[in-house]
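Undergrad: Protein chains in written order, with full-length UniProt numbering: chain G, 1 to 259; chain Z, 1 to 271; chain E, 1 to 237.
These are calculated hints, taken from the structure and not from any lab test. Check before you lean on any hint, since a few could be wrong.
DSS-like, lysine-lysine: derived pairs with alpha carbons at most 27 Å apart [to be verified]: (1) LYS49(Z) to LYS108(G); (2) LYS47(G) to LYS49(Z); (3) LYS108(G) to LYS66(G); (4) LYS49(Z) to LYS236(G); (5) LYS192(G) to LYS101(G); (6) LYS64(G) to LYS197(G); (7) LYS228(G) to LYS120(G); (8) LYS47(G) to LYS249(G); (9) LYS120(G) to LYS197(G).
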Amino acid sequence: MKSIVKTLALAAALGAAALGAAQAQEVKVGFAAEPYPPFTSPDANGKWVGWEVDFMDAICAEAKLKCVITPVAWDGIIPALTSKKIDMIIGSLSITEERMKTIDFSDKYYNTPTGIIGPKSEKFDATPEGLKGKVIGVQVSTVHQEYVAKYFGPGAAEVKEYQTQDEANQDLAAGRLDAVQADAIALDAFLKSDAGKCCDLKGNVKDDVAILGAGVGVGLRKGETDLKTKINAAIKAIRANGTYDKFSKKYFDFDVYGG
Amino acid sequence: MSDGLSGLPLYVAPKARSLLEPHRLVLMAVFAAIILCAIWFMRWDWLPKYGPRLLYGVWQTLVMLFSTASIGFLLAIPIGLVQVTGPRPLAWLARIFCTVIRGTPLLLQLWLLYYGLGSIFAQYPELRSSVFWPYLRQAWPYGFTALMFSFAAYEGEVMRGAFAGVPRGELEAARAFGMRRFTAFRRIWLPRALHRALPTLAGETVLQLKATPLVATITVIDVYAVISKVRQDTYLTYEPLLLLALIYLCLTAVLVAAFRFLEGRIPTREA
Amino acid sequence: MPAGFQLLSLTPPGWGGVLLAGLFASLQLAIGGYLLGLAIGVGGAFGKLYGGPILRDLLEVYTTVIRAVPELVLILLLYYAGTDIINQLMALAGFPAVDISGLVAGIFVIGVVQGAYSTEVLRGAIKAIPSGQVEAARAYGMGPILALRRVTLPAMLPYAIPGLANLWMIATKDTALLAVVGFSELTLVTRQAAGATKAYMTFYLAAGVLYLVVTLASSVIIALIERHARRGMPRMG
Numbered sequence: 001m002k003s004i005v006k007t008l009a010l011a012a013a014l015g016a017a018a019l020g021a022a023q024a025q026e027v028k029v030g031f032a033a034e035p036y037p038p039f040t041s042p043d044a045n046g047k048w049v050g051w052e053v054d055f056m057d058a059i060c061a062e063a064k065l066k067c068v069i070t071p072v073a074w075d076g077i078i079p080a081l082t083s084k085k086i087d088m089i090i091g092s093l094s095i096t097e098e099r100m101k102t103i104d105f106s107d108k109y110y111n112t113p114t115g116i117i118g119p120k121s122e123k124f125d126a127t128p129e130g131l132k133g134k135v136i137g138v139q140v141s142t143v144h145q146e147y148v149a150k151y152f153g154p155g156a157a158e159v160k161e162y163q164t165q166d167e168a169n170q171d172l173a174a175g176r177l178d179a180v181q182a183d184a185i186a187l188d189a190f191l192k193s194d195a196g197k198c199c200d201l202k203g204n205v206k207d208d209v210a211i212l213g214a215g216v217g218v219g220l221r222k223g224e225t226d227l228k229t230k231i232n233a234a235i236k237a238i239r240a241n242g243t244y245d246k247f248s249k250k251y252f253d254f255d256v257y258g259g
Numbered sequence: 001m002s003d004g005l006s007g008l009p010l011y012v013a014p015k016a017r018s019l020l021e022p023h024r025l026v027l028m029a030v031f032a033a034i035i036l037c038a039i040w041f042m043r044w045d046w047l048p049k050y051g052p053r054l055l056y057g058v059w060q061t062l063v064m065l066f067s068t069a070s071i072g073f074l075l076a077i078p079i080g081l082v083q084v085t086g087p088r089p090l091a092w093l094a095r096i097f098c099t100v101i102r103g104t105p106l107l108l109q110l111w112l113l114y115y116g117l118g119s120i121f122a123q124y125p126e127l128r129s130s131v132f133w134p135y136l137r138q139a140w141p142y143g144f145t146a147l148m149f150s151f152a153a154y155e156g157e158v159m160r161g162a163f164a165g166v167p168r169g170e171l172e173a174a175r176a177f178g179m180r181r182f183t184a185f186r187r188i189w190l191p192r193a194l195h196r197a198l199p200t201l202a203g204e205t206v207l208q209l210k211a212t213p214l215v216a217t218i219t220v221i222d223v224y225a226v227i228s229k230v231r232q233d234t235y236l237t238y239e240p241l242l243l244l245a246l247i248y249l250c251l252t253a254v255l256v257a258a259f260r261f262l263e264g265r266i267p268t269r270e271a
Numbered sequence: 001m002p003a004g005f006q007l008l009s010l011t012p013p014g015w016g017g018v019l020l021a022g023l024f025a026s027l028q029l030a031i032g033g034y035l036l037g038l039a040i041g042v043g044g045a046f047g048k049l050y051g052g053p054i055l056r057d058l059l060e061v062y063t064t065v066i067r068a069v070p071e072l073v074l075i076l077l078l079y080y081a082g083t084d085i086i087n088q089l090m091a092l093a094g095f096p097a098v099d100i101s102g103l104v105a106g107i108f109v110i111g112v113v114q115g116a117y118s119t120e121v122l123r124g125a126i127k128a129i130p131s132g133q134v135e136a137a138r139a140y141g142m143g144p145i146l147a148l149r150r151v152t153l154p155a156m157l158p159y160a161i162p163g164l165a166n167l168w169m170i171a172t173k174d175t176a177l178l179a180v181v182g183f184s185e186l187t188l189v190t191r192q193a194a195g196a197t198k199a200y201m202t203f204y205l206a207a208g209v210l211y212l213v214v215t216l217a218s219s220v221i222i223a224l225i226e227r228h229a230r231r232g233m234p235r236m237g
């Protein structure tokens, strides 16, 4: 009997060790499980495509990591990271003080202004006065949710929160919203699509670094400095050797890295 | 086995046989210790800030529950009835309605209603000048419709059985007394069928309560949505969800107790 | 509408293949979760009927809590907590963290929820067996395991099948809730396809048809199983 227990324990330990070893090379990269063009979107092959997919491939190749895309619901992406369902987040996640309390970030890898779009037929500015009495849509768990709550609500505008950016855009096209606030680059992709014909850019909002953050970084668990160093080195390397600019040209005619 | 509408055993709260048996006291002490640990070691400082919003959310959940359940139940009566009496085409329609609603996930129905119709609004901007637009523009009518249809379909199935199960003799007796068809329906058939369907109502209402949080995915603010907001604002994973589970547990307990009280007041003489 | 059908074709640029892959994931989840729930249910039902007072009370707490809290909330709680707890236990035991795939986590979640309902269905079915049958088995000298295998389980089946059939239907529909945590099952891939192409109506209707096909096929199979299990029994009015 005793020997059986021993064998079992050994087998379990070996199995666990094997798993542990396999894990060392494999990094699960959390993507928001929704279309977010031009950064990450699923295509009809069931594959993920977009600028951030190219970015991920580039840094993972540079840092010699085996990266596996793991789609996670956007509103649970930080809990998924802290509860180890994923090992890093590449999802246009802005680097903010508030998030830094819970997770860690790499250096920034791109930057985007924040824009507000609305129906072409209505003229208003992306200011608290312009948005007075409007229904404005944002995606949950984003910096925009916080920004809108601080500057446009309560009392001024009615805020509606969506689980995915695409559904907020869709409700704007459907006429259920008067405005949507989001990353200007992502909004631009929507405005250029068929569904976005209804609407145009009303302007960029006044910056507030404390809320909107200073660029987008790779989200990492606190304390995993090893991975962080590797990622930061990789970002620096692909910026220096031209890989970054090469794949960025496929998507943008401006410098997405920003100042 | 007391079958709920979906053939599931109805939700029955544990009988409070004797809470004072020694092992129960020990178990209760263990649970109390776990709860105290949860209060002590987890983060609850967000609670005062979100308290009023949580109450509002609970209120919204209850409004959603009772409005959809009562109107859904009214709809279930004709759905059940036409399946027993005909005419054929109506019976088929009712049957298809029940099969489709019960055969697909409520979440999918909600998204189909809200975003599917939304994509049609995007194609036909003329709709925005119609008188219904102020309602179509908001989210709650879609949540209300989906939940009401769901309740009507499940309870409609129960009502079909209830109408079919009223003994023929009673209806024949009514006719023998010279009642017209409608009078017999109003005085005998309907009350007897309702009486038979009532025991399923408690279980169905609890199932309906458990379906309400889905409307939060189409931007309706209920208690689940408020808790989601807490989760996003505080980056806490478990505390808000545990509180939410507790809130639903209490709501279910209150519902079950209320139904038991009501059932006690309705005389039942048949076995 | 032809454009709509093109979107559904099985090869890209159609999304039909993606939807079918999602359906396959949903079925895996439903079958896995259902079987796990059944296993929990058999254990739970026997525990509730023949277990000691503490086990019985704990099972009561389990079935009461699970059946009173919305599945959506349970799924969120268990999806994150399940992995966390297992990894913390592993850490306590001195092992490195294990890698739990989304599928395993999903099956675990559906299984735990289903287990509570299975427990109640099976308990009711076991109680419905005429006690003489089990006593007769005992009188023939069958041990408890043998009596369970040869008498109790087969005899309770006809009573349990309607309830278990409903649980299967619920399992297939509950898998849709995993869309909310980002598991790529049918409802989520439908949402993604709809979002990427903006053809919301087409894709949600298509997914509805797929779910309906599963439901209808299931009810045909269930009817066959029921007839088989009821053979030799008087027809129930």
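Undergrad: If a hint holds in the structure, say so; if it doesn't, say that too.
TA: Right, here's what the structure says about each hint:
{"no.": "1", "hint": "LYS49(Z) to LYS108(G)", "in the structure": "33 Å, violated"}
{"no.": "2", "hint": "LYS47(G) to LYS49(Z)", "in the structure": "42 Å, violated"}
{"no.": "3", "hint": "LYS108(G) to LYS66(G)", "in the structure": "21 Å, holds"}
{"no.": "4", "hint": "LYS49(Z) to LYS236(G)", "in the structure": "43 Å, violated"}
{"no.": "5", "hint": "LYS192(G) to LYS101(G)", "in the structure": "36 Å, violated"}
{"no.": "6", "hint": "LYS64(G) to LYS197(G)", "in the structure": "42 Å, violated"}
{"no.": "7", "hint": "LYS228(G) to LYS120(G)", "in the structure": "44 Å, violated"}
{"no.": "8", "hint": "LYS47(G) to LYS249(G)", "in the structure": "21 Å, holds"}
{"no.": "9", "hint": "LYS120(G) to LYS197(G)", "in the structure": "8 Å, holds"}
Of the hints listed earlier, those the structure fails to meet are numbers 1, 2, 4, 5, 6, 7, in rising order.
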